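Peer 1: When you get a sec, could you build the whole thing from the sequences and use the hints?
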Amino acid sequence: MSGNHGDILAYVPLLVLIGVSTAIALAMVVGSFLLGPKKPTAYKATAYECGMTPIGSARERFPVKFYLIAMLFIVFDIETIFLYPWAVTYRAQGYDLKIFYFAEMLVFVAILFVGYFYILGRRALDWDESERAVARDPISPEILAPRPPIRFGNEKSGPVRRLPEPAHVPAYGAVSQEERIAALTSRRE
Amino acid sequence: MLILFWILALTCVGASIAMVVTQNPVRSALYLVITFLCVAVFYVMLSAQFLAAVQIIVYAGAIMVLFLFVIMLLNLGAPQALRERGTLQPFFAAVLGTAFVVMLLLSNSLVALSKVRPAAPPEVYVPLGTVEGIGKNLFDPKQPWILPFEITSILLLVAIVGAVIMAKRRIQDHTP
Amino acid sequence: MITTEHYLVLSAILFTVGTIGVLVKRNPIVIFMCIELMLNAANLTLVALGRHFGQVNGQMYVIFALAVAAAEVSVGLGIIVAIFRTKETINIDEVNLMKF
Amino acid sequence: MNYAANLMSIMPVLIVLATGMIVLLGDACSAQWRARRWYTWGFSLFGVLMALVQAGNQLQTQMATTFSETAFAGSIVTDSFTLTCYVILLITALLAILLAMTYLENRNLNLGEYYALVLFSTAGGMLMACSNDLIVLFVSVEILSVALYVLSGFARTEEKSEEAALKYFLLGAFASGFLLYGIALVYGGSATANHAGTTNLADLNLYLINDGRPSVLLMCGIALLFVGLAFKAALVPFHMWTPDVYEGAPTSVTAYMAAGAKIGAFAALMRVCSALAPIGEYWLPAVQTLAVLTMFGGNILAVVQDNVKRMLAYSSIAHAGYLLVAVSAASVRNEQAHNAAMGAMAFYLMAYAVMTMGAFGVLIYLSRKGRDLQTIEDLRGLARTDTFAAYAMLVFMLSLGGIPPTMGFMGKWFIFSATLQAGQVWLAIVMALASIISIYYYLKIVWMMCFQEPERPEVVEHAVASGGVRATIVLSLATMLVFGILPGALGILLNAAETTVFRP
Numbered sequence: 004m005s006g007n008h009g010d011i012l013a014y015v016p017l018l019v020l021i022g023v024s025t026a027i028a029l030a031m032v033v034g035s036f037l038l039g040p041k042k043p044t045a046y047k048a049t050a051y052e053c054g055m056t057p058i059g060s061a062r063e064r065f066p067v068k069f070y071l072i073a074m075l076f077i078v079f080d081i082e083t084i085f086l087y088p089w090a091v092t093y094r095a096q097g098y099d100l101k102i103f104y105f106a107e108m109l110v111f112v113a114i115l116f117v118g119y120f121y122i123l124g125r126r127a128l129d130w131d132e133s134e135r136a137v138a139r140d141p142i143s144p145e146i147l148a149p150r151p152p153i154r155f156g157n158e159k160s161g162p163v164r165r166l167p168e169p170a171h172v173p174a175y176g177a178v179s180q181e182e183r184i185a186a187l188t189s190r191r192e
Numbered sequence: 020m021l022i023l024f025w026i027l028a029l030t031c032v033g034a035s036i037a038m039v040v041t042q043n044p045v046r047s048a049l050y051l052v053i054t055f056l057c058v059a060v061f062y063v064m065l066s067a068q069f070l071a072a073v074q075i076i077v078y079a080g081a082i083m084v085l086f087l088f089v090i091m092l093l094n095l096g097a098p099q100a101l102r103e104r105g106t107l108q109p110f111f112a113a114v115l116g117t118a119f120v121v122m123l124l125l126s127n128s129l130v131a132l133s134k135v136r137p138a139a140p141p142e143v144y145v146p147l148g149t150v151e152g153i154g155k156n157l158f159d160p161k162q163p164w165i166l167p168f169e170i171t172s173i174l175l176l177v178a179i180v181g182a183v184i185m186a187k188r189r190i191q192d193h194t195p
Numbered sequence: 158m159i160t161t162e163h164y165l166v167l168s169a170i171l172f173t174v175g176t177i178g179v180l181v182k183r184n185p186i187v188i189f190m191c192i193e194l195m196l197n198a199a200n201l202t203l204v205a206l207g208r209h210f211g212q213v214n215g216q217m218y219v220i221f222a223l224a225v226a227a228a229e230v231s232v233g234l235g236i237i238v239a240i241f242r243t244k245e246t247i248n249i250d251e252v253n254l255m256k257f
Numbered sequence: 237m238n239y240a241a242n243l244m245s246i247m248p249v250l251i252v253l254a255t256g257m258i259v260l261l262g263d264a265c266s267a268q269w270r271a272r273r274w275y276t277w278g279f280s281l282f283g284v285l286m287a288l289v290q291a292g293n294q295l296q297t298q299m300a301t302t303f304s305e306t307a308f309a310g311s312i313v314t315d316s317f318t319l320t321c322y323v324i325l326l327i328t329a330l331l332a333i334l335l336a337m338t339y340l341e342n343r344n345l346n347l348g349e350y351y352a353l354v355l356f357s358t359a360g361g362m363l364m365a366c367s368n369d370l371i372v373l374f375v376s377v378e379i380l381s382v383a384l385y386v387l388s389g390f391a392r393t394e395e396k397s398e399e400a401a402l403k404y405f406l407l408g409a410f411a412s413g414f415l416l417y418g419i420a421l422v423y424g425g426s427a428t429a430n431h432a433g434t435t436n437l438a439d440l441n442l443y444l445i446n447d448g449r450p451s452v453l454l455m456c457g458i459a460l461l462f463v464g465l466a467f468k469a470a471l472v473p474f475h476m477w478t479p480d481v482y483e484g485a486p487t488s489v490t491a492y493m494a495a496g497a498k499i500g501a502f503a504a505l506m507r508v509c510s511a512l513a514p515i516g517e518y519w520l521p522a523v524q525t526l527a528v529l530t531m532f533g534g535n536i537l538a539v540v541q542d543n544v545k546r547m548l549a550y551s552s553i554a555h556a557g558y559l560l561v562a563v564s565a566a567s568v569r570n571e572q573a574h575n576a577a578m579g580a581m582a583f584y585l586m587a588y589a590v591m592t593m594g595a596f597g598v599l600i601y602l603s604r605k606g607r608d609l610q611t612i613e614d615l616r617g618l619a620r621t622d623t624f625a626a627y628a629m630l631v632f633m634l635s636l637g638g639i640p641p642t643m644g645f646m647g648k649w650f651i652f653s654a655t656l657q658a659g660q661v662w663l664a665i666v667m668a669l670a671s672i673i674s675i676y677y678y679l680k681i682v683w684m685m686c687f688q689e690p691e692r693p694e695v696v697e698h699a700v701a702s703g704g705v706r707a708t709i710v711l712s713l714a715t716m717l718v719f720g721i722l723p724g725a726l727g728i729l730l731n732a733a734e735t736t737v738f739r740p
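Protein chains in written order, with our numbering: chain R, 4 to 192; chain B, 20 to 195; chain E, 158 to 257; chain L, 237 to 740.
No wet-lab data here; the hints were simulated from the structure. Certain hints may be false.
The following label-pair restraints were derived from C-beta to C-beta distances [said to hold, decoys possible]:
1. B:A72 - R:I27: 16 to 26 Å
2. L:L250 - B:V114: 39 to 49 Å
3. L:M244 - B:T41: 46 to 56 Å
4. R:A95 - B:Q42: 50 to 60 Å
Stretches of chain B that chain E covers, calculated by requiring three or more beta carbons in the stretch to come under 8 Å of a beta carbon on chain E [unchecked claim]:
5. 53-59
6. 152-162
Stretches of chain E that chain L covers, calculated by requiring three or more beta carbons in the stretch to come under 8 Å of a beta carbon on chain L [to be verified]:
7. 170-184
8. 191-199
9. 211-218
10. 225-235
Predicted model only: the values in this text are computed from it and were never measured. Every residue, glycine too, gets a C-beta built ideally from N, C-alpha and C.
Peer 2: In C-alpha cells form, the structure reads like this:
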C-alpha cells in the first residue's frame, strides 16, 4: 500500500488531536507536580471522603438489576449500529427503494419492539423489585423497631441527652400494628 | 505504515497473551480492551472505518464494561472465588503443539493468497468501508444481506428474553 | 508493504491464543473473554479478506458476527449471574466443565 | 424481484416466528395466570400446527413440480430437503409443547417464555435447514443455540440446571468461534484467479466442480467448520457437554434439545457436505473417522451409565454417529447413492425425533412431584406397577436399539443400504457392529422393567399423568409402529433429495 495512503491520511488530524490532548493532560499533571508548593501536614495526608474514614474495598457490589439493564442496553446498542448506516443512506435512494428500505427497517424495529414490550410487561426495567411487597406492608417492623442511640463520637465531651423511655412499649405482635405505631410515635415526642 | 503495523501487532498479541497468562480477571479484562482497541486500529488500516467505530462502541465500550461489572459483582461476594488455581491442564502441552502446527500450516498456505488472486486496488475497496458504503450494500435488495439482517433481530429478541429470564430475580409466578 | 497475509497470520495467532486460553483457564468469565478474542480474530480475517477481494462481504459478516457476539454476551453473563446467585461461586472446578 | 414469492418460500418459518412473538407479548402483558396458561400452550400448539400444514402443502407442491428455488438473493434455498426438515422439526416442536405444560407446572416453571423460546429455536433450526449461505447458517445456528442455552437453565433456582446452562453456553460459544473462523477461511480459500471467494453454498459447489483441487486454506476452513458443527451435533471428541447438559436441564427441555438441536445440526451438516461433495475425497476420511468414533464412543459410554437421562444422552450421541454415516454416504459422487442417503437420513431423523420424544415423554410421565426420575433402578418392575408406561418404554427402547418391526429398524436399514450403495461397505459393517453393542443397554432397561420385581408392588400415583404427556407417548408409539411396518407410507421422506440444488 506504500503508493497510496489516500484513506489513511484522512486520519492524520485525528492522530494529531489524540496526541495533543494526551500531551496537554500529561503536561497538567506533570506541571502541577513540578511547580506546585508541597507542604504536607498530618491532616492533609489523611484520606478525605465526606468526613468519613474510608473503610473497606473501593469495589462496590451492585444489585443485579443494574446488570440486567446493562445487558439489555447492549442488545439495543446493536440495533443502533444497524440504524445508523440505514439513516445515512435512506435519503439518497429512489422512491421504490425508499419504500423497500423503510419496510425492511420497520420489520427489524418491530421485532425489537416486541422485545421492548416484553421487557415492560415483565417489569424488567423497574428499579424496585419489591414494590408490591412494600405496598402490602407499608410500615415494616424493621423501620419501627427501637434503635440504639446514634453515636457521634463526642460522647465523652459532655452528658448525652437521652430520650425518655416511654412507660410501655408493647412487644411486636402483642397488639395491633396501629397501637404499636401510636405508642412509638408518642415516644418520639 | 509497516512500522505502525508491527508495533500494533506486537501490542495486540502481547496483550492477548497477557490476558491469558495473568491470574487476575480484572487485569485480563483490561488487556482484552487493549486487544480490542488494536483490532479497531487494524480496521482503520484496512479502510473499514465504520467497523472500527462499531468495534470501539460495542466491544471496547459496552461489552467490556459489562464484563468488568460482572467481575466486580462476583469479586466482592466471594473474594476467593475468582482466584485462578494456576494448574495447567494435562493436555495443555498437546494442544499448544497442535495449535502451532495448525498455525504454521495456515501461514504457509496463506502466503499463496496474493499469488492466487491479486489484491483489489484501493479505489475498489476504499468506498466500501464508509457508513454510506455499508448502508448501500447492507440494505440492497439485490444482495443477500436482507435475510441475515432480519433474523439478527430475532436473535436479539431471543437474547432479550434470555437476559430477563436469567438475570431477573423474580418473574411473576404463574401457579396459584 | 503490508499484505493481506500479514493480517491473516496475525489473526491466526490471535485465534490460537484465544483457543489456548479457553482450554487452560478455569474462570468462566475469563474463558468467555477468550472466546470473544477468538471471534475478534475471525472478524479481522474476514475484513482483511474482504479488502483483498474488493468485496463488501467481509465487513457484512463482521457486522452480523458482532450482533451474534452481543447476543451471546447478554445471555452468557446472565447465566453467570444466575449461577452465582444460586451457588455463591463460579469457579469452574466446582462447575466441572470437562467431566466425561 | 418479487418480494411476496420470497416471503412465501419461508412461510412456515414466518408462521412459527410470528406465533412465538405473539405468545411472548400476550404472556408478558396479561395478568390472569389461569387464562395465560391455556393461551400460551394452546396458541403455540396452534401456530406449530398451522406451520406444519403450510410446510406439508409446500412439500407436496414441491414434489409435484420438482423445482427448487433460491430466495432472498440466493441466501436461502427451498427444496424438498429443506421442506422435509421443516416437517420433522415442526413435529418435534409439536411433541415438545404437548409434553411441557403439566411437567413445567409440577416443577413450578410454567412461564410463557418457555413456549416462545421453543418456537424461536425451532425457527432457528428451520433456517439452518434452508440456509444457502454460510452467514445465514451462522446466525441461525446462534438463534437455535442461544434459545437452548436459556432453556437448559430454565429451572433458575436449581444448581444443576444452571450448571448445565453454563456448560452448554461456554462450549457452544467456543464452537461458534470455530464456526466463524471456519467461515472466514472458506471465504478466503475458495478464491481462484477467476473468481473471488464466496460463502454461498451453491456457488461454492459450482466452483469446486470446476476447479477440482481445493487450496490448503479451504481445507483448514472446512476442518474448522466441521469442528464447529460437530460441537453442535455432539459428535464424539466434541461431545463432553452432552451428558451433563441433558442430565441437568429440565426433562422436557432435554427431550426437545435431543431431537430439535440434532435435526438442525444435521440438516446444516448435510447441506455443507453436499455442497462440498465434489472434493469429497479430501475430507470424507475425516467424517468417516468421526462417525466411527461417535458410534463406538456413544455406545460404549452408554453401557456404563446408571442414570437414565445420561444413558439416553450417550445413546443420542451414538445415533448422531449413525446419522453421520448417512452424511458420509451422501457425499460420494454418485447421484443415486446421494439421493438414497439423503432420503435415509431424513427418514432416520424423523424416527429418531419421534422415539427420543417418546422415551423422554415416558420419563416425564414417571416423574414424581418435584423430582425427576433418576436411575435405572427407579424403573424396576415397572411392568407391574404401570403397564402403559412400561410397554410404551419397551417399544421405544426396541426402536432405539433398531429391532424390527419399529421405525428405528427401518431407518437403520435405509442408512445401511444407502451406505452399501455408496460403496462404503466397511462403514456399513462398523455401523452394524456398533448397533449390536447398543442393544445391550436398551435391553438392560427392558429387563429391569419387565423381569424384575418392583420394590413396592402397589401402583404409584404419578404426578404428570396428564393428557398432553399421554398424547405425546401414544402419538409417538403409533408413528413408531405404523411406519415401522409400512415405511413406504413415508415415501415422501425417502424422496427428500428429489429437488436439491447441489450436484455431487
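Peer 1: Count the residues of the region 211-218 of chain E whose Cβ falls closer than 8 Å to any Cβ of chain L, and tell me whether that reaches three.
Peer 2: holds (count 6)
Peer 1: Please test the hint of 39 to 49 Å on the beta carbon pair from L250 of chain L and V114 of chain B.
Peer 2: holds (44 Å)
Peer 1: Given the hint of 16 to 26 Å, check if A72 of chain B and I27 of chain R actually sit that far apart at their C-beta atoms.
Peer 2: Roughly 24 Å apart at Cβ, these two residues keep to the hinted range, so it holds.
Peer 1: Range first: 46 to 56 Å. Now tell me if the beta carbons of M244 of chain L and T41 of chain B are that far apart.
Peer 2: holds (55 Å)
Peer 1: Verify this for me: three or more residues of the region 225-235 of chain E with a beta carbon less than 8 Å from a beta carbon of chain L.
Peer 2: n = 5 at 8 Å, threshold three: holds.
Peer 1: Quick check: the region 191-199 of chain E, covered by chain L? Criterion 3+ residues, Cβ under 8 Å.
Peer 2: holds (count 5)
Peer 1: Verify this for me: three or more residues of the region 170-184 of chain E with a beta carbon less than 8 Å from a beta carbon of chain L.
Peer 2: Since three or more residues must qualify, the claim that chain L covers the region 170-184 of chain E holds, with 4 doing so at under 8 Å.
Peer 1: Holds or violated: 50 to 60 Å for the Cβ distance of A95 of chain R and Q42 of chain B?
Peer 2: holds (53 Å)
Peer 1: Between the region 53-59 of chain B and chain E, see if three or more residues pass the 8 Å beta-carbon test, and mark the coverage as holds or violated.
Peer 2: holds (count 3)
Peer 1: Are 3 or more residues of the region 152-162 of chain B near chain E, judged by a Cβ distance of less than 8 Å?
Peer 2: holds (count 4)
In this structure, none of the earlier numbered hints is contradicted; all agree with it.
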